[in-house]
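Engineer: Protein sequence lines correspond, in order, to chains P and A.
Numbering-wise (the working numbering), the first sequence opens with residue -7 and increments by one.
Numbering-wise (the working numbering), the second sequence opens with residue 49 and increments by one.
Treat the hints loosely; a few may be bogus.
[Unchecked claim] Here are some, though not all, of the chain A residues that point toward chain P, as calculated from beta-carbon distances under 8 Å: (1) 108; (2) 411; (3) 429; (4) 433; (5) 455.
No lab work stands behind these hints, which were simulated from the structure alone.
Quick reminder that beta carbons are idealized off the backbone N, C-alpha and C, glycines included.
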Amino acid sequence: MIYQDSKTLLAVRGLHATVNGIEILKGMDLTVRSGEVHAIMGPNGSGKSTFAKVLAGHPAYEVSGGEVLFEGGKLLELKPEERARAGVFLGFQYPIEIPGVANSQFLRLAYNTVQAGRGKDELDPLEFDDFVREKMKLLEMNPDFLDRSVNEGFSGGEKKRNEILQMALLEPKLAILDETDSGLDIDALRIVAGGVNALANRDNAIVLVTHYQRLLNYIVPDYVHVMDSGRIVKTGGKELALELEARGYDWVGAELKAGVRAST
Amino acid sequence: MNTASTAGYLDRLLQGRPPASSLPWLNQLRANAVDRVGALTVPTTRDEDWRFTDISPLTKLSFQPAQRAPQLAPATVDRWAVPEAAARLVFIDGIYAPRHSFNHAGLTAENLASNTIGHGAGVQAHLGRHAGFEHNAFTALNTAFLHDGALIVVPRDMTLAAPVHLLFIATRKHGASYPRCLVIAESGSAVTVVEDFVALDNEAYLTNAVTEMALAGNAQVRHVRVQRDSTEAFHFADCAVSLARASRYHSISVALGARISRHNLRALLAAEGAECTIDGLALIGGRQLADTHTLIDHAMPQGVSRQLHKCIVDGAARAVFNGNIMVRAGAQRTDSSQSSRNLLLSGKARVDTKPQLEIFADDVKCAHGATVGQLDVDEVFYLKSRGLSDTAARNLLTYAFGAEVIERIPVASLRSRLEEAVLARTQTAATGTAPQL
């Protein structure tokens, strides 16, 4: 939701990034204020997922220009773990599996590490068990998930629920959810979206990276951005997503080229 | 290394053999083995089977067998206790220690030397029959020393849920011991056997073990082998398993110790419908070398085998894995899969892995694969994106890599002990704080 007096959480200015020497982000600009929900849409290869990974600090991407301010501080100077502790969360499109480590161990380790980083109290295994079970209700997750190895043998929907569970535990200020709707059936989509909506509040912000409009029926964005060739080329309200759903992405690019011609 | 001096080396190792048995066939077996030792030489890297495993440091030291075992306090032995154990046999420097051992009603779990006569026919049919010593100097040496050892006979249809713990404790610098184990699982029986090799101090000694297991029809044996010897020790082991119709064998071997270790494991699927699962983990660092050679021999139809072997190698250590799967001409409808996965934690660490499939039947399903690598960048990033430091993320993933094998151990106390050991290793492998699990 858009609040008049909200503060700027994230300010991206002219961001360029490369992977293996190939430039993927080419002058990305984005401002996100607390309380807001943004959707970043765009065709495959437009740079959406790269943008999400660069914000979280994936080592494969090299920032070649621009700056990113998170709560006024230079985000790009922080290590990935420091960003997480500062309140940046990336929900992965493909969460990794860790056979041999119980989900409960992993969740508690992540929770306590982030709590310690924020100068807050850690929880012992018993306390954490109560705490995490409460959060799991939000996502209609069976307690069995705690005893299974991290993401191992989880269905697509179970993995995404486990991602949102981590978001619920880590209480980020900025949650970037990368293709959270991919691979979800309609029931799982409803549950995951319900979880995200319950976690959204006036002090945090959510950036949804998605190819399809479907997710946005459940998590209603305040802003919809269209990415093309590594930058945002159009911004609108939630109705823009419907227009993209109806007309595809090509017209945005065509409109852009027409605009460029008109101005020269 | 020249042949003359190494031949002399084996002769010197033959000194100090235990007294003769009252059984002529056993004395004959030992005499044959002594002859064979005389004809064989210490293997070198020129031998195909030892290409990657240079054991020349062994021949720079001399080792003597214990004539009598030292007394150990019960508390000392109980450091390695497995509380779930139904029976326990303890061997100190290779010598049976009855005061630390206990049996289980209905099961034979006794010292081989003193009970061979009672079980004469059964023992004679199996002892030395599975672990041939024609081509293996260490197996021949062990057989030449045949005396004390573990004899486990599980009677027909007996199912024992609790494990039998065989504890081999090395106490002496430059000591040599020749642990021997014979497991006879009669038809329809089920048992879990834990072979556990430990040391009192971090000294150089020689452990040269031979294990034979015979599974009758429908028998089930779960075999846990934990090699946590001193990091100065030399450990050679030869294990031969024979599976009769529809029997099932599951082996889980964990190698943490020894300066140089070599573990041979051969499973012969000698009748239809036998199943074997062979899992292994070597976790080594420093200048350790751990060599595992396995042979799964599908001799008859409809056999199933599954194998997962993992190595975690740090420092300047070296791991070797040679996994041979043989599917003989008559072994139709064999279903076999093998996976060798290796994690290198340092630039100087090295692994030589060689999956080897020899298939002479046409209606078979065989899959195998090998990977050697470092920790996956995306996996490390995933954990760091959840707040874990680089070190904590790497430690957790290394731990998880090993835990996948350890969690298959069917003995809870041993499993958690080994999980702790792996965690301690992964924590010392890197600097900084480790994950609190």
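Engineer: Per the CB criterion, is residue 411 (chain A) less than 8 Å away from chain P?
Structural biologist: Not OK, violated: residue 411 (chain A) not within 8 Å of chain P, min 31 Å.
Engineer: Double-check residue 108 (chain A) for me: the hint is only fine if its C-beta lies closer than 8 Å to a C-beta in chain P.
Structural biologist: Given a least distance of 39 Å, the restraint on residue 108 (chain A) is violated.
Engineer: Close enough to count: is the Cβ of residue 429 (chain A) nearer than 8 Å to one in chain P?
Structural biologist: Holds - the Cβ of residue 429 (chain A) comes within 8 Å of chain P, reaching about 5 Å at its closest.
Engineer: When the nearest CB of chain P is found for residue 455 (chain A), is that gap smaller than 8 Å?
Structural biologist: holds, 6 Å
Engineer: Hint residue 433 (chain A) vs chain P: min CB-CB distance below 8 Å?
Structural biologist: Holds, about 5 Å.
Checked against the numbered hints given earlier, the structure breaks hints 1, 2 and satisfies all the rest.
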